[in-house]
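For the protein sequence lines, the chains are A and B, in the order given.
No gaps in the numbering here: position 149 of the first sequence is 1167 in the working numbering, and each next residue is one more.
No gaps in the numbering here: position 148 of the second sequence is 150 in the working numbering, and each next residue is one more.
Be a bit skeptical, because a hint or two may be false.
To be verified - Taking lysine-lysine and the BS3-like style, the derived pairs with C-alpha atoms no more than 30 Å apart in a straight line are:
(1) B/161 x A/1218
(2) A/1218 x B/106
(3) B/97 x A/1218
(4) A/1218 x B/114
Just so you know, these hints were derived from the structure itself, not from any lab.
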Amino acid sequence: MTDETGTIPADAAGTDFGDDGLLMRLYDGELEGDELALAQGLVEDDQNAQDKIASMAMVGSFLRECVDADERGDVIADAVMARIEAGAHENIDDGAEPDPPTEAMPNVRLGAKSSANDNARAIFAVAGLAAAVAFGMFFWGGSPTSSGPVAEAPDPLPTQPAAEVAFRDQWSSASAEPPQSEIEEYEPTVEVASVDFGSKSGSVFYVPSGEPGEATTVVWVSDLEEEEEL
Amino acid sequence: MKWPTIIVAFFAVSLMSSAVLAQETWRPQQRAAQAQPQAATERSEAEVIVLHALNDGKGIDPKIGKMPQLKQPPFSAYSSYRLLHRGRVNLVKGKDATLVLPNKGKVVLQLKSVSKTKKGKRFVLATRIDKANGSKFFRGEFKAKPRNIFFVAGERHGKGILVVGIRVTTQ
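Just chain B, same shape as in the assembly (with noise of 0.2 Å):
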């Protein structure tokens, strides 16, 4: 075997233990990456509101306390809200948190993910309400900044609808 046969050998199997080593040293990076925002979803919840929208004339509930999207389209369709429920859910990452609504029906939210942006933290949040025959009346999917309301609204109550709003917290 000739000499630069020989080098070109050596620098090959230099170059694949290097590129081993370099993946062993990143390894702990990578799982210290990923356990960060594990961390971040064991102290999550969400607070759900329920709200009662009539047409009564009454106006908007100070119990509801300060909502100006309420005054707004689509809200402005209805001429009044009441608060009916206002509760917190602790959200597991791939487990179910239910609340039960007024008429029976369920709000069921579940945390699929939590993801670090360049604009912060972004809360995957899978949520299904179901009525009170169990039939269902949403599915969806947000992707959520904390501490920002978001409406699922329109279900059957009485001679109004329901206005469930969801934001996500952390502590």
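Isolated chain A, as found in the complex (with noise of 0.2 Å):
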């Protein structure tokens, strides 16, 4: 539609559909010289072009009035509502009889009647919250069962960590495999709870104590890097 300038030819601007853009921008006043020219003359020799730039002078006004008229509702409810608590207001101050209910207004006859037992439930409401915190207080704060972190401390270690796999396969290596109630017979007196090897490798073994059902820890540690050096 358009030539090697990038302007519509005189030819070509018509009123078909490619012309619809130059007339909204000339509409929105976005034109300048060269289009604005082409624009204006389009508009002089075309009734169409007429037509349609009126079709968007009245839509342009329609949706101004749209957008007005919406403000204006939200001006109105305000002031619906303004009108609504100052009813109430009135009707406490006055120790008049409320209205009789309407299905148009039914908050303003609930609000005026109930509102002298809105300092009833704030009280019940303050009190049910007074009475959680001080069981709160009572049952986490001053229970003796918490205050003893380090004379009730549960174990943080399992039982048979799972290094005794370790002893399990070195015990077997070593001789014939023990019954499995033998192995379990045998609880450590030394826990592991943590093992840093770093870059070497190393193995937790549970060796009987010779004590009844006793066994030593011992941590075996390959010092592998020794031994290259060596």
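Both chains are sitting in their own frames, so use the hints and assemble them into the complex.
In structure tokens, the structure reads:
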């Protein structure tokens, strides 16, 4: 639709769909120079173009009215709510009987009637909250069971560490496989909470200590670096 | 304000006051429970024995004393054990206790905590062994019953390895 200079040739500037953009930009005041002259000439010569410009103006004014009406609606709603609140306070102050319920303003009547109980509700709510806080302080803040982490701390370590497998493997490689009950009889007298072998490899063994039911903990580190140096 | 409302409010205030008072009553007991283990840690110490494991067929050094574990795997990988050092270090909670090994390496022990369980006291002991050149050999944390030994073995020394035994004792 455009020539090499980017302008619309006069012979192609009819009232087809491609000119709508040009007319819209003319209506929005975005055209300058040659494009402005071209668009103005188009509007002067073509009745369809004039109609389109007129319809754009009509749609624009319609949209503006819609926006204004929406804003007015908010103002009206605010005014109505203010009036409702004012009416409720008047009823309380005058000590007058509330108006009979109407379908149009049901909330006004309910608000006026229940306002006398609001204080009681608030007090009950505060009392309930205070009771909850008191119970919370009683059970979690001052309970003697939670006060002795040193004396009553649960055992964080498993009774049979995973490294016991190493002991079992070692045992089986050194002698005949012992009965399952024989392994489980031993309890390590020293538990391994954590080990860090670094770049080396190592194992944890539980060796029978000679005392019945007790096993000695042995951490065996493979000092391969030193072996390589030797 | 109506009577039920007043009663409920009074009840709530009384309950809160009771809770606060109960907390204050228990607090000294809590402090006593926390202070007890601290007193125990002040008299704790560790016995450290350093053995040299070799395969020279000389057997177990009589100075080591009764230690049947050395005849069982994995110790049985070596035929002889010689006592190189036996010493004691005081354990103070949160402070390092250092012992120098025959190869100029270091054993560093730190008492982390003492807990009292149904089966008796447990000493949580951080154990660190460094080589003579300062490089790390081993880091670990053990939860030990008093008077029970545990071993960290494997560091090369001469033609064999070092075996470090640690036993927490209380006075």
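Given the proposed pairing of residue 1218 of chain A with residue 114 of chain B, does the C-alpha separation stay at or below 30 Å? holds (25 Å)
Would the pair residue 1218 of chain A and residue 106 of chain B pass a check requiring their Cα atoms to be no farther apart than 30 Å? It holds: about 20 Å lies between the C-alpha atoms, which stays within 30 Å.
Next pair to validate is residue 161 of chain B with residue 1218 of chain A; report whether the Cα-Cα distance is within 30 Å. It holds: about 19 Å lies between the C-alpha atoms, which stays within 30 Å.
Hint consistency between residue 97 of chain B and residue 1218 of chain A [alpha-carbon to alpha-carbon, up to 30 Å]: Roughly 27 Å between the alpha carbons, so the hint for residue 97 of chain B and residue 1218 of chain A holds.
The structure is consistent with each of the numbered hints, conforming to all of them.
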